[in-house]
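Visitor: Below are the chains, spelled out letter by letter.
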Amino acid sequence: MEEILSTLINGLSLGGIYAMIALGYTMVYGIAKMLNFAHGDVIMVGGYLIYVFMATNNPLLAILLACIGCVILGVCIEKIAYKPLRGASPLAVLITAIGVSYLLQSLAQIVFGSASKMVTVYEFGSVQLLGCTIQVSSLVTLAVTVAVMVALTMFVKYTRMGRAMIAVSEDKSAAQLMGINVDRIIMVTFAIGSALAALAGLFYLLKAPNVFNTMGAMPGIKAFTAAVIGGIGSIPGAMLGGILLGMVESVSYKITAIAPYTDAIEFTILIVILLVRPTGFLGKKRREKV
Amino acid sequence: MAMLEVNNLEVYYGVICALKGISFEVNEGEIVSLIGANGAGKTTMMQSVVGLIPKKHGTVRFNGQDITKCPCHKIVQLGMTQVPEGRRIFQELTVYENLLMGAYTTKDQQVFKSDLEAIFDRFPRLAERSKQIAGTLSGGEQQMLAMGRALMSKPKLLMLDEPSMGLAPILVDQIFELIKELHAAGTTILLVEQNASKALEIADRAYVLETGSIILSGTGKELSQSDEVRKAYLGG
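Read top to bottom, the protein sequences are chains A and B. Following the numbering used here from start to finish, the first sequence increments by one per residue and tops out at 290. Following the numbering used here from start to finish, the second sequence increments by one per residue and tops out at 236.
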């Protein structure tokens, strides 16, 4: 019983991290129609920024500054690397994104070295629940992720800017004809996605307190998988995919016989889901425009 | 001074010249029609004037202001709105949300409410279906919605790109009636159409576009009586 409960909570909080990253992927994809493969590395930069700003000894201030730093980074990446390619072939944009990803990893290595750094942001401790020990940080991760998803959904549905995002995601030129500044909407999307990446970096550090230059790569790819499983472009889909993936991973790690194959199992699930439902769980079929 | 003044507009797709330096103007209070066959460059002209595709040469002036290099969303704020070819309504949003998007440049809630009422008065069908997902409307209703959405920004110049495309004849008549009503209510209209006879019938003035050049211009009546137009566009 305790085993099941702790696996469940662990899966949910791990899923929360994936969901947080997947939200960034899915929003950028939905609105700018591009896969930002550098998204995982923004998490890494977020991690390093928290490490640097922890010098203030104030965790909340460090997190806030890391978020701001990531927002600035995300907006700059978009402006410098992606914006000039608007209208170019999707392949060119994809390759650029991969280039940005390696650039960030290499820059981090040059600045901070290749050895990982230890960061303790905050000791939440643990609580006893139904006879099992649960890390409070897991509960915090889960609560913040749910709150962020709800806030984003409300933002998109009920604000002027949010509705403009829906319009841009559906039809960029029609949105321009409504008087919407598409460049600005895309910039805001990157800003939001990067802030979420910084938060994901924080949750990652709460789980495993080490920063290193490739720390964003695997979570990035897994979260991308989560976004695709949930239906890329869909906000609740990213949440669903993230939690699902976190649960699978957590359960798989608990079963000794299959634990070493956890990554393989996750990607197999992706393939199977894509075979059965090519648009993911909550993805919409897009009519090809002629 | 003309409301819209297009001078020597050239547009290229890569190396292919789609518009070979066209000039035309629309005066305040007019209905101006631009007719031409498929591929003549009508939609290219519409999209480049409003800033959706880049212009290679030429100038565009709107109410005396040079808008050649103006981005599309700013042009819309100046009072030039376009109903694009194929309607391009937001399929996944409701009718109401589509109209809300049309009013994107309106920030005042009171103004928005009275504008919305005016649109619902003009298009009772849209009021009935305001909560329906726009993609589930019929073709005629979608065209109404596209026009209603454009009118939400209260344009001084309304540009219509093939509003009758794909509609049953009875709906085509309705759309042209509507254009006349909007014109009577004070909106200046630039109409691009393949349905040449209808477009010339309601036009004050008209232009004929052929493979990227304007080859004829005149009043709607003159053009509908010209031999050239009759042969090429009116079926004898």
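Hints listed in this document are in silico derivations from the structure and should not be mistaken for laboratory results. Being a predicted model, the structure only gives us computed values, none of them experimental. Check before you lean on any hint, since a few could be wrong.
As the list claims (entries may be wrong) - Subject to a maximum C-alpha distance of 30 Å in a straight line, what follows is the list of computed DSSO-like cross-link-like pairs (lysine-lysine):
1. A:Lys33 x A:Lys117
2. B:Lys156 x A:Lys172
3. B:Lys69 x B:Lys113
4. B:Lys231 x A:Lys157
5. A:Lys33 x B:Lys231
6. B:Lys180 x A:Lys157
7. B:Lys154 x B:Lys198
8. B:Lys221 x B:Lys198
9. B:Lys154 x B:Lys55
10. B:Lys231 x B:Lys107
11. B:Lys221 x A:Lys172
12. A:Lys284 x A:Lys157
13. B:Lys231 x A:Lys83
14. B:Lys131 x B:Lys69
15. B:Lys69 x A:Lys83
16. A:Lys284 x B:Lys221
17. B:Lys198 x A:Lys83
18. B:Lys55 x B:Lys113
19. A:Lys172 x B:Lys154
20. B:Lys231 x A:Lys172
Visitor: Is the Cα-Cα distance between B:Lys231 and A:Lys172 30 Å or less?
Guide: 39 Å, violated
Visitor: Tell me if the straight-line CA distance from B:Lys131 to B:Lys69 falls inside 30 Å.
Guide: Not OK: B:Lys131 and B:Lys69 at ~38 Å, beyond 30 Å, violated.
Visitor: Taking only the CA atoms, is the gap from B:Lys69 to A:Lys83 under or equal to 30 Å?
Guide: 18 Å, holds
Visitor: Take the C-alpha atoms of A:Lys172 and B:Lys154, compute the straight-line distance between them, and say whether it is at most 30 Å.
Guide: Roughly 21 Å between the alpha carbons, so the hint for A:Lys172 and B:Lys154 holds.
Visitor: Is it true that the CA of B:Lys231 sits at most 30 Å from the CA of A:Lys157?
Guide: Violated, at about 53 Å.
Visitor: Are the Cα positions of A:Lys33 and B:Lys231 separated by 30 Å at most?
Guide: Outside the cut-off at roughly 46 Å; violated.
Visitor: Are the Cα atoms of B:Lys180 and A:Lys157 separated by 30 Å or less?
Guide: 36 Å, violated
Visitor: Take the C-alpha atoms of B:Lys221 and A:Lys172, compute the straight-line distance between them, and say whether it is at most 30 Å.
Guide: 38 Å, violated
Visitor: Does the alpha-carbon distance linking B:Lys55 and B:Lys113 stay inside the 30 Å limit?
Guide: Since the Cα atoms of B:Lys55 and B:Lys113 sit roughly 37 Å apart, the hinted pair is violated (cutoff 30 Å).
Visitor: Would the hint linking B:Lys221 and B:Lys198 be met if the CA-CA limit is 30 Å?
Guide: Since the Cα atoms of B:Lys221 and B:Lys198 sit roughly 11 Å apart, the hinted pair holds (cutoff 30 Å).
Visitor: A:Lys284 and B:Lys221 were given as a pair; does the straight-line alpha-carbon distance stay at or below 30 Å?
Guide: Given pair A:Lys284, B:Lys221 is violated - Cα atoms ~49 Å apart, limit 30 Å.
Visitor: Between B:Lys231 and A:Lys83, does the CA-CA distance stay at or below 30 Å?
Guide: Given pair B:Lys231, A:Lys83 is violated - Cα atoms ~48 Å apart, limit 30 Å.
Comparing the model with each numbered hint stated earlier shows that hints 1, 3, 4, 5, 6, 10, 11, 13, 14, 16, 17, 18 and 20 do not hold.
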